[in-house]
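Start from chain Y and add chain D according to the hints.
As they're listed, the protein sequences go chains Y and D. The first sequence begins at 1 in the numbering used here and counts up one residue at a time. The second sequence begins at 1001 in the numbering used here and counts up one residue at a time.
Hints are computed from structural coordinates only; laboratory data are not their basis.
Cross-link-like lysine-lysine pairs, in silico, DSSO-like; alpha carbons within 30 Å at most: (1) Lys1(Y) to Lys42(Y); (2) Lys1009(D) to Lys42(Y); (3) Lys1(Y) to Lys68(Y); (4) Lys42(Y) to Lys99(Y); (5) Lys1014(D) to Lys42(Y); (6) Lys1009(D) to Lys99(Y); (7) Lys1(Y) to Lys99(Y); (8) Lys99(Y) to Lys68(Y).
Restraint ranges, calculated between C-beta atoms of paired labels, are given here: (9) Ser1080(D) to Ser59(Y): 43 to 51 Å; (10) Gly1051(D) to Ala112(Y): 45 to 53 Å; (11) Arg1044(D) to Asn22(Y): 20 to 28 Å; (12) Pro8(Y) to Asn1028(D): 38 to 46 Å; (13) Lys1014(D) to Gln81(Y): 41 to 49 Å; (14) Lys1009(D) to Thr109(Y): 21 to 29 Å; (15) Ser1084(D) to Ile7(Y): 25 to 33 Å; (16) Gly60(Y) to Lys1014(D): 41 to 49 Å; (17) Thr1005(D) to Gly83(Y): 21 to 29 Å.
Note that the Cβ used here is the ideal one computed from N, Cα and C, for glycine as well.
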Amino acid sequence: KQEVTQIPAALSVPEGENLVLNCSFTDSAIYNLQWFRQDPGKGLTSLLLIQSSQREQTSGRLNASLDKSSGRSTLYIAASQPGDSATYLCAVSGSNDYKLSFGAGTTVTVRA
Amino acid sequence: NAGVTQTPKFQVLKTGQSMTLQCAQDMNHEYMSWYRQDPGMGLRLIHYSVGAGITDQGEVPNGYNVSRSTTEDFPLRLLSAAPSQTSVYFCASSYNRRNTEAFFGQGTRLTVV
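Just chain Y, with the same shape it has in the complex (with noise of 0.2 Å):
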């Protein structure tokens, strides 16, 4: 079964960081990596795919990098604004049965 841990929980920075969110995984099958914003009491929005063939996909300010060999993603935030402010998700989709697997996320805060 796939698991996917996101570290660190919670995240607190000042206006114009760089953030850094980390996202591993268990099973290096996969067929393809997503990132995700939540914000408060709303659904989720996807920020960026990447496929298991690729090892980063950019857009705008957002950076995401995949190293399936190890089981491991990060997503860079370049410049941080207080918009940013919101809870981040990874999922993972299985090659086998393409199902997504989710881990519980990154709340990030920028402090203005």
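Positioned in the frame of chain Y, the structure of chain D alone reads:
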């Protein structure tokens, strides 16, 4: 383009009552799924469907039923609500089983008393 729409947003049930959570998507996605989100546990898959007429169980299916009579709709039925089913429920869809970029609804917060 509404995306994934869930109703209701909030619901309080008494133990033993039944209800249906509605989910509809207008993106012509084949793959739809239901998750529950509990504090500190991430999202857990309840049931999923790879197309109209096809459903299967996820990680935590007990106490829930689903059906998929159309591509657009994927309702989740609670047969006899229990306090352990107090949670936030999310419906998600993706283009197909392999193109798994997922689009989520806004969630239904369910309390069972």
